[in-house]
Amino acid sequence: MDDDVLRYLVCWVAKDRLKKNEIDSLSIEGLRYLLMKTIDTKESFATPEIEIWEYALTKAKTYGQQEVQKYLIPLARYINLNRMDPEEIKTHVEPYNIYSNEDIKNTYFSISSGKGLGFIRGVPIFKWKNDKPDLIVSDYGFTVEANNTQSKSIL
Numbered sequence: 001m002d003d004d005v006l007r008y009l010v011c012w013v014a015k016d017r018l019k020k021n022e023i024d025s026l027s028i029e030g031l032r033y034l035l036m037k038t039i040d041t042k043e044s045f046a047t048p049e050i051e052i053w054e055y056a057l058t059k060a061k062t063y064g065q066q067e068v069q070k071y072l073i074p075l076a077r078y079i080n081l082n083r084m085d086p087e088e089i090k091t092h093v094e095p096y097n098i099y100s101n102e103d104i105k106n107t108y109f110s111i112s113s114g115k116g117l118g119f120i121r122g123v124p125i126f127k128w129k130n131d132k133p134d135l136i137v138s139d140y141g142f143t144v145e146a147n148n149t150q151s152k153s154i155l
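Residue numbers (this note's numbering): 1 to 155.
Since the hints were derived computationally from the structure, they do not count as laboratory data. This structure is a prediction, so every number in the text was calculated from the model and none was measured. One or more of the hints may lead you astray.
The calculated lysine-lysine pairs, modelled on BS3-like cross-linking and capped at a C-alpha distance of 25 Å, are [claimed, not checked]: (1) 19 with 70; (2) 115 with 42; (3) 61 with 19; (4) 15 with 42; (5) 20 with 61; (6) 90 with 105; (7) 37 with 15; (8) 115 with 20; (9) 37 with 61; (10) 20 with 42; (11) 70 with 105.
Make a model of the complete structure from these sequences and hints.
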């Protein structure tokens with residue numbers, strides 16, 4: 001595929017939040033490609049790192065409980081533990097023995113030293129919900145405008 005098309009697809013998928021309990025057509029290999037291309041991105045990204053982990057785990061479990069490690073290990077290098085809370089790591093990541101003890105230890109040290117990263121890769125995305133009649137939400141929730149009926153300051 002053309003590089004521009006792939007870049008466009010990655011940007012498009014990155015802007016949609018990955019939901020672990022939603023059936024979608026993103027394959028494990030597609031997820032690996034998305035994570036590989038966005039690991040150090042400065043672009044918009046909608047899914048927090050812990051939710052990426054949970055999404056990947058859900059995808060891996062569709063192949064059977066015994067296959068989970070086989071499918072998660074290739075994704076692990078693209079899921080940054082430094083973007084997770086230590087409690088999330090202990091509860092949701094450690095039980096699967098995907099990361100080495102050294103990686104886990106280094107992550108805990110990094111976070112406790114204040115060198116952890118933000119909870120999301122790239123620039124967080126905020127989508128607006130229109131629950132007020134005086135707001136106009138467009139562009140699939142990415143743009144919000146105040147209705148012209150709002151009072152305007154004359155100062």
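- Distance restraint between residue 115 and residue 42, which requires alpha-carbon spacing of 25 Å or less: holds, 18 Å
- Restraint status (C-alpha distance of residue 20 to residue 42 at most 25 Å): With a Cα-Cα distance of about 24 Å, the restraint between residue 20 and residue 42 holds, given a limit of 25 Å.
- Item | Given pair status - residue 15, residue 37, alpha carbons within 25 Å | holds, 13 Å
- Satisfaction of hint between residue 19 and residue 61, Cα-Cα up to 25 Å: holds, 15 Å
- Query: Hey, residue 70 versus residue 105, does the alpha-carbon distance stay inside 25 Å?
  - Reply: Between residue 70 and residue 105 the Cα gap is close to 23 Å, so the pair holds against 25 Å.
- Message: Please verify whether residue 19 and residue 70 have alpha carbons no more than 25 Å apart.
- Response: Holds, because 21 Å separates the two Cα atoms, which is no more than 25 Å.
- Message: Against the 25 Å threshold, does the CA-CA distance of residue 15 and residue 42 hold or violate the hint?
- Response: Distance of about 13 Å is within 25 Å: holds.
- Message: What's the verdict on residue 115 and residue 20, does the C-alpha distance respect the 25 Å limit or exceed it?
- Response: violated, 28 Å
- Item | Straight-line alpha-carbon gap residue 90 to residue 105, limit 25 Å | Holds. Residue 90 to residue 105 sits at ~11 Å (cutoff 25 Å).
- Taking 25 Å as the top limit, are the C-alpha atoms of residue 37 and residue 61 close enough? holds, 23 Å
- Message: Can you confirm whether the C-alpha distance between residue 20 and residue 61 stays at or below 25 Å?
- Response: holds, 11 Å
The structure fails hint 8 only (numbered hints given earlier).
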